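Those sequence lines, one after another, are chains V and W.
Residue numbers for the first sequence follow my numbering, so the first one is 21 and each next one is one higher.
Residue numbers for the second sequence follow my numbering, so the first one is 5 and each next one is one higher.
Calculated directly from the structure, the hints in this document are not laboratory data.
Because the structure is a prediction, the values reported are computed rather than measured.
Careful, some of the hints might be misleading.
[Claimed, not checked] The calculated lysine to aspartate or glutamate pairs, modelled on DMTMM-like cross-linking and capped at a C-alpha distance of 20 Å, are: (1) K224/W <-> E174/V; (2) K224/W <-> D206/W; (3) K223/W <-> E174/V; (4) K6/W <-> E281/V; (5) K185/V <-> E208/W; (6) K185/V <-> D222/W; (7) K41/W <-> E314/V; (8) K175/W <-> E125/W; (9) K224/W <-> E208/W; (10) K6/W <-> E314/V; (11) K86/W <-> D106/W; (12) K218/W <-> D155/W; (13) K147/W <-> D191/W; (14) K37/W <-> E174/V.
[To be verified] Calculated from the model, a selection of chain V residues having no Cβ within reach of chain W, i.e. all distances over 10 Å: (15) Q72; (16) G83; (17) I263; (18) F271.
Think of the CB as a built atom: it goes at the ideal place given N, C-alpha and C, for glycine as much as any other residue.
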Amino acid sequence: MNSNSFSPARIWTLAAATVTQLVRMKIMAFLVVFCVIVVAAGFAFPVMNPEQQLKLLKDVSFGALQIFSVVIAIVSTALLLPRDLEDRTLYTILSKPVPRYEYLLGKLIGVLLLIGAGLVLMDIAFSAVLWLRQSLVLVQSVAALKQEGVATPEAIAQLNEFVGKQGLTWNIHLGVLAIFLKASVIAALSLMISCFASSTLFTVVISLLVTIIGHGQGLIREYFFSEGMNQIIKKLGSAMLAILTPDLGVFDVLDNVINGEIVSAFSAGVMIGTAALYVTGYVLVSHLLFVEKEL
Amino acid sequence: MKRRLQAIAVLLLLGAVKLPVEEAATGHLREVKLLTKPISISLRESLGQASFAASLGGLRSLVASITYLRAYREWENINWAKVDSLFQITTRLQPTYFNYWDEASWHMAFNAASSYLYNQEINPMLRGKLYEEHVQRGIEILKEGLLFLPDEPRLWNSLAEIYERRVHNPKKAAECYLEVFRISHNDRYSRFAGYQLAQASDRESWVKGYELLKTAYDKKQRPPSVIDQLKNLEERLNIPPLKRIPDARPQMEIQHGEVGPSR
Numbered sequence: 021m022n023s024n025s026f027s028p029a030r031i032w033t034l035a036a037a038t039v040t041q042l043v044r045m046k047i048m049a050f051l052v053v054f055c056v057i058v059v060a061a062g063f064a065f066p067v068m069n070p071e072q073q074l075k076l077l078k079d080v081s082f083g084a085l086q087i088f089s090v091v092i093a094i095v096s097t098a099l100l101l102p103r104d105l106e107d108r109t110l111y112t113i114l115s116k117p118v119p120r121y122e123y124l125l126g127k128l129i130g131v132l133l134l135i136g137a138g139l140v141l142m143d144i145a146f147s148a149v150l151w152l153r154q155s156l157v158l159v160q161s162v163a164a165l166k167q168e169g170v171a172t173p174e175a176i177a178q179l180n181e182f183v184g185k186q187g188l189t190w191n192i193h194l195g196v197l198a199i200f201l202k203a204s205v206i207a208a209l210s211l212m213i214s215c216f217a218s219s220t221l222f223t224v225v226i227s228l229l230v231t232i233i234g235h236g237q238g239l240i241r242e243y244f245f246s247e248g249m250n251q252i253i254k255k256l257g258s259a260m261l262a263i264l265t266p267d268l269g270v271f272d273v274l275d276n277v278i279n280g281e282i283v284s285a286f287s288a289g290v291m292i293g294t295a296a297l298y299v300t301g302y303v304l305v306s307h308l309l310f311v312e313k314e315l
Numbered sequence: 005m006k007r008r009l010q011a012i013a014v015l016l017l018l019g020a021v022k023l024p025v026e027e028a029a030t031g032h033l034r035e036v037k038l039l040t041k042p043i044s045i046s047l048r049e050s051l052g053q054a055s056f057a058a059s060l061g062g063l064r065s066l067v068a069s070i071t072y073l074r075a076y077r078e079w080e081n082i083n084w085a086k087v088d089s090l091f092q093i094t095t096r097l098q099p100t101y102f103n104y105w106d107e108a109s110w111h112m113a114f115n116a117a118s119s120y121l122y123n124q125e126i127n128p129m130l131r132g133k134l135y136e137e138h139v140q141r142g143i144e145i146l147k148e149g150l151l152f153l154p155d156e157p158r159l160w161n162s163l164a165e166i167y168e169r170r171v172h173n174p175k176k177a178a179e180c181y182l183e184v185f186r187i188s189h190n191d192r193y194s195r196f197a198g199y200q201l202a203q204a205s206d207r208e209s210w211v212k213g214y215e216l217l218k219t220a221y222d223k224k225q226r227p228p229s230v231i232d233q234l235k236n237l238e239e240r241l242n243i244p245p246l247k248r249i250p251d252a253r254p255q256m257e258i259q260h261g262e263v264g265p266s267r
């Protein structure tokens, strides 16, 4: 086989090896922590109203999912290249007829597979607890209405509607998809930074910084470019921000998904398309930087 | 070196390409109410650095839940000023979640207002003033929430209840109940508006209230309260005997301490 020809099988082998490598780093221990958090959040604060109890469970669970995905995306990607250099695995791989871009793609896909699998497992655990909590809340609320003597069909239907809106729906899983897309962009960004970074710490810090800036692009523009600033500085500054950081706020649909807003197929497509643009761009830049990197 | 220059060129190109894509994506997601506007920088001082950073990092809903829980604890401690300020932060973080506006206003217009009104340690003159101020605060909160959620029937209903039970302004309560009816198409709220207008002091309101209650009656919605109020309005408006409803005035049993008409 020509070493320069694109080989999905080689990329898959590298991705599978990356997953194994990351699993050995015991990254998935976070799953256990997540399950404890979800169960605790699911059964805490029983005195609040039913809708609020379910919202709190979703807030805490989605918060944990986001933290997991962002941390894993940054840290695992930042660790990969230096670890392979340290173990000399990189030399072994690249001495074989493996193009550098395939190595990079394999590593990125491996990280994304791990994040995706982790999110799926956590989504299953979260959905199970949410469903259980939803059923319990409904039973308790109907019993309370009966006790007060106001369990009219109208009141029960209204209760069902409120709880159903905050309960388990297919829409919730699209919220998890948005988390995955954001993590994919951050992982691609970290990969790009690690291609020119001098150390793992540098990659982690810079990636984290860009991630924070990416979440608040609009706000930072408002702060730095308030009235009175020179027009040229304003344009230069906003151009720099737009070029250097991805607008991660595009994927922050969770707040409204939690409130019951529906994610249409088109909206999901918009998010997927935006993420694909970032990932493609950052992978291309990573390739150009990595090709020239002296190993 | 050549590749590095190429990398910089691609990064610049990506920056130029992604800008309109980001604008379009954000615009679409805001239009379908999946994205809310970024939080104001003025919230930073109220939230604290860590919470502000967390809310920027996509954990806005979680931070809102935490400030809500803090408000809940302050409610248990009967610290109304703190309850109000924490709910202000919560509602600013998630202005499209109706429950936060509803609960914030309930705390002010009902809990805080009553707490001050019945506090024997406060001067009676001041008690009345504090009661009115907190009821007004509850109204302000709901009106602010309705700027974000103009078609949320539960907020209109809460506003109607405050006008009905705390301010005793039946005309405004009726306006709000009619808004609930406009949004939900639930006839019950049209009747509620009718009851309120029947309690107003001007003829114009009675006429409108009579029309609403007569419509309910004609639709076979005839609980005793509808018949009773129609009878009252027929007398007040001097409706000709032939046009009056044939039902006898029901025996209404109003429980001691109950406010407003029986439903």
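Hints breached by this structure: Hints 2, 4, 5, 6, 7, 8, 9, 12, 13, 14, 15, 16, 17 and 18 not satisfied by this model.
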